[in-house]
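Please build the complete structure, drawing on both the sequences and the hints.
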Amino acid sequence: MNFYRLQVLIGIDPSSLQAGAREIENTFQLEIARHKLQDEVNLLETGSLGYFGTGVAIMIYPGQITYVNLKKEDVPEIVTEHFLKGKPVKRLMLGQAFTSGYNFNYRRRIVLENSGLINPENIREYLGRGGYESWEKALLEMKPVQIVDIVKNSGLRGRGGAGFPTGLKWSFTQPLTVPQKYFVINADEGEPGTFKDRLIMEGDPHKLLEGLMISSYAVGATKAYIYIRGEYRLCINRLQKAIDQARELGLLGSNIFGTGFDLDIEIKIGAGAYVCGEETALIESMEGNRGQPRSKPPFPGVKGAWQKPTVVNNVETIANIPSIISHGADWFRSYGTESCPGTKVFTILGDVYMPGLCEVDMGTSLRTLIEEYGGGIRDDKKFKGALLGGAAGVFLSEKLLDVKMDFNSLKEYGAVLGSGAILVMNEDADMVDMLYAVIRFFRHESCGKCIPCSKGTQKLYRIISRIRYGEGSEEDLVSMIRLAQAMNISSFCALGQSLLMPIRSVIDNFRDEFLQKMDKKYKFSREAS
Amino acid sequence: MPELKAQDRRLRELINEKKQMRDPLMEVLHGAQGIYGYLPQEVLENVAESLHIPLSNVYGVVTFYDFFYLQPRGRHLIRVCTGTSCYAQGASKLLAMLEEELGIKLGETTSDGNFTLSTLMCSGACSLAPVFMIGEEIFGKMAEPGKIRQIIDKFRF
Ligand SMILES: Cc1cc2nc3c(=O)[nH]c(=O)nc-3n(C[C@H](O)[C@H](O)[C@H](O)COP(=O)(O)O)c2cc1C
Ligand code: SF4
Ligand code: FES
Chain H
1 MNFYRLQVLI GIDPSSLQAG AREIENTFQL EIARHKLQDE VNLLETGSLG YFGTGVAIMI
61 YPGQITYVNL KKEDVPEIVT EHFLKGKPVK RLMLGQAFTS GYNFNYRRRI VLENSGLINP
121 ENIREYLGRG GYESWEKALL EMKPVQIVDI VKNSGLRGRG GAGFPTGLKW SFTQPLTVPQ
181 KYFVINADEG EPGTFKDRLI MEGDPHKLLE GLMISSYAVG ATKAYIYIRG EYRLCINRLQ
241 KAIDQARELG LLGSNIFGTG FDLDIEIKIG AGAYVCGEET ALIESMEGNR GQPRSKPPFP
301 GVKGAWQKPT VVNNVETIAN IPSIISHGAD WFRSYGTESC PGTKVFTILG DVYMPGLCEV
361 DMGTSLRTLI EEYGGGIRDD KKFKGALLGG AAGVFLSEKL LDVKMDFNSL KEYGAVLGSG
421 AILVMNEDAD MVDMLYAVIR FFRHESCGKC IPCSKGTQKL YRIISRIRYG EGSEEDLVSM
481 IRLAQAMNIS SFCALGQSLL MPIRSVIDNF RDEFLQKMDK KYKFSREAS
Chain L
1 MPELKAQDRR LRELINEKKQ MRDPLMEVLH GAQGIYGYLP QEVLENVAES LHIPLSNVYG
61 VVTFYDFFYL QPRGRHLIRV CTGTSCYAQG ASKLLAMLEE ELGIKLGETT SDGNFTLSTL
121 MCSGACSLAP VFMIGEEIFG KMAEPGKIRQ IIDKFRF
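Chains H and L are the protein sequences, given in the same order.
All residue numbers for the first sequence refer to the numbering used here, where the first residue is 1 and numbers rise by one.
All residue numbers for the second sequence refer to the numbering used here, where the first residue is 1 and numbers rise by one.
Just so you know, these hints were derived from the structure itself, not from any lab.
All values derive from a computational prediction rather than experimental measurement.
No residue lacks a Cβ here, since even glycine has one placed at the ideal position from N, Cα and C.
Possibly wrong hints are sitting among the right ones.
Now the stretches of chain H that chain L is said to cover, found in silico as 3 or more residues with beta-carbon under 8 Å [what the hints assert, rightly or not]:
hint : stretch
1    : 8 to 19
2    : 280 to 290
Derived SDA-like pairs: lysine to any residue, alpha-carbon spacing no greater than 20 Å straight-line [said to hold, decoys possible]:
hint : chain 1 : residue 1 : chain 2 : residue 2
3    : L       : 19        : H       : 267
4    : L       : 154       : H       : 23
5    : H       : 459       : H       : 473
6    : H       : 71        : H       : 18
7    : H       : 404       : H       : 158
8    : L       : 93        : H       : 465
Here it is as structure tokens:
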């Protein structure tokens with residue numbers, strides 16, 4: 001193997017491709033060859049480097065020096081100055097563009113530990129970082145029930161929104177003695193503002209696969225599916241490649257490691273319905289039906305896909321499993337809080353300098369996330385509020401800036417962690433308009449199976465449209481909350497039940513804005529749809 | 001029409017390939033739409049028959065999901081994201097600019113059959129808000145008409 005003096009990683013994801021990543025990669029190759037540096041400098045493709053809105057980015061080791069917003073014209077300078085003479089080009093380095101102290105937090109990463117560091121399309125690089133050792137350990141040295149116990153003791157809770165204890169969920173399915181069980185990864189990620197699962201899969205697909213293998217073995221599933229939304233083309237391609245590579249090395253297939261255990265993984269592609277993220281609807285969709293929820297009980301863990309016991313977990317949840325197996329439950333508990341151990345991947349969006357994602361300890365405060373990881377509020381504006389959890393989330397005001405971001409702390413304030421999306425809004429944001437966007441989303445995504453939700457969302461849409469046009473009254477606020485409460489009690493699935501959260505929280509926290517809109521009667525020029 | 005024949009042949013291959021799978025309807029529909037650009041009546045009948053699924057079920061599925069189209073679309077499908085992040089960063093303005101640039105309203109197709117304008121609920125590229133997609137390509141941080149025109153022009157022929 002060659003010993004390279006410099007490792008240069010170029011982040012390949014939809015946004016960098018759009019900014020011309022391929023052309024820049026080619027230019028680097030040409031320049032490196034021109035200076036005869038090909039034996040000293042290794043240029044590698046990796047997943048997203050995690051700096052968003054920064055165009056094409058590369059990272060160079062040693063030193064972890066990062067260049068962002070690269071143009072083709074910048075390449076010769078980097079090659080001659082940095083690669084050849086060893087003098088980093090300050091002007092293009094990350095950090096020069098922002099005055100605020102941006103925090104990358106590489107130290108405490110679990111699910112993203114390899115993202116941006118390895119080439120996700122090459123299984124050897126994952127193996128080189130200890131990949132698939134946990135799979136080997138689990139399958140050769142551990143009994144399924146032991147794995148379930150470790151996961152229970154680790155305190156891992158589902159990262160798909162509800163925070164249900166993962167080990168407990170598995171313990172319902174593990175003891176069942178039936179010929180066929182299934183494991184399903186929920187990679188539907190339809191919540192607006194959420195793309196953490198996409199980046200986990202794009203940056204390190206083998207991590208998810210390894211987690212899925214261990215999890216399937218733990219509950220006794222011999223067939224696993226990854227249900228992924230159709231828009232995520234790059235993810236789908238990378239995962240398929242990863243599955244093929246794993247199969248080739250005998251990590252998947254029949255009689256794995258000679259243990260007699262068989263496992264295969266297949267990708268199922270969704271077709272753009274938010275409700276299909278709900279686990280029973282997802283199963284319906286996998287079976288080739290309209291993706292409408294089923295009644296629970298029976299829970300999928302007992303009767304799921306094709307009426308067989310089926311465990312459904314989120315991508316991020318399962319990406320934690322390999323590390324828990326290799327380092328143990330206590331190690332995992334050294335991250336996060338007592339009741340919510342581990343890390344959480346957040347996407348920070350909206351009016352901040354550096355919209356993007358980060359992985360931090362559970363229980364990190366909202367303020368820290370916005371200021372350190374989001375780079376602070378853009379353009380010297382003031383913070384007004386945040387929408388946590390995409391659409392089925394809550395609006396928080398300034399009062400809660402110091403709230404700890406974990407399942408339990410947020411619950412104390414009637415808020416939820418949800419999918420980990422944080423949409424930050426500055427003083428100019430129009431909260432009435434934001435609620436309109438949320439209700440519009442629900443109206444569009446209501447699957448029509450039950451009356452409270454399908455009619456309720458339509459009615460709410462009419463009311464919020466009226467208010468938005470300056471024609472609402474204070475009673476409208478009361479009737480919106482009443483209607484959402486009725487939906488909360490009587491809707492068939494969590495989609496219709498959860499609309500109460502955004503409506504109540506935005507009216508509680510920003511009531512004045514709603515009243516103002518009624519007063520001024522200022523009109524909107526046009527509708528969004 | 002030789003072109004149609006080629007498409008039909010590809011559909012046949014697709015169905016044969018996916019038939020092995022358990023409940024392959026969604027996969028076949030994804031593939032069929034890739035071949036024809038939308039899902040014409042005959043194709044649905046063909047799929048229903050080959051997979052031994054009642055036609056009414058096939059319709060039920062096709063109409064449930066946003067991704068499937070029963071009507072032909074323009075050569076390029078433009079979808080503006082109206083998810084919460086994009087909305088907060090000016091998705092309605094972006095939509096208005098696109099309507100202006102293309103001379104059509106939301107849901108319509110340009111008279112040359114080149115573009116159809118539609119919306120979607122989140123493309124998963126929220127950090128680039130506001131976002132629109134042309135086919136499978138994502139374009140982000142779209143706030144100026146000039147920039148939008150540049151992109152659209154690349155897709156005109
Ligand atoms: C309307 C709706 C949409 C959902 N969307 C998702 C999703 O996109 N991804 C996800 O992992 N869970 C989603 N969930 C939660 C799932 O039903 C399920 O709880 C989750 O996949 C369980 O995994 P976890 O325990 O690992 O979190 C959704 C739930 C509802 C009600
Ligand atoms: S609550 Fe809404 S999404 Fe859920 S089943 Fe009823 S109509 Fe469908
Ligand atoms: S909200 Fe527009 S891409 Fe997510």
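| For which of the previously enumerated hints does the structure constitute a violation, in increasing order of number? | Hints that this structure does not satisfy do not exist here, as all of them hold.
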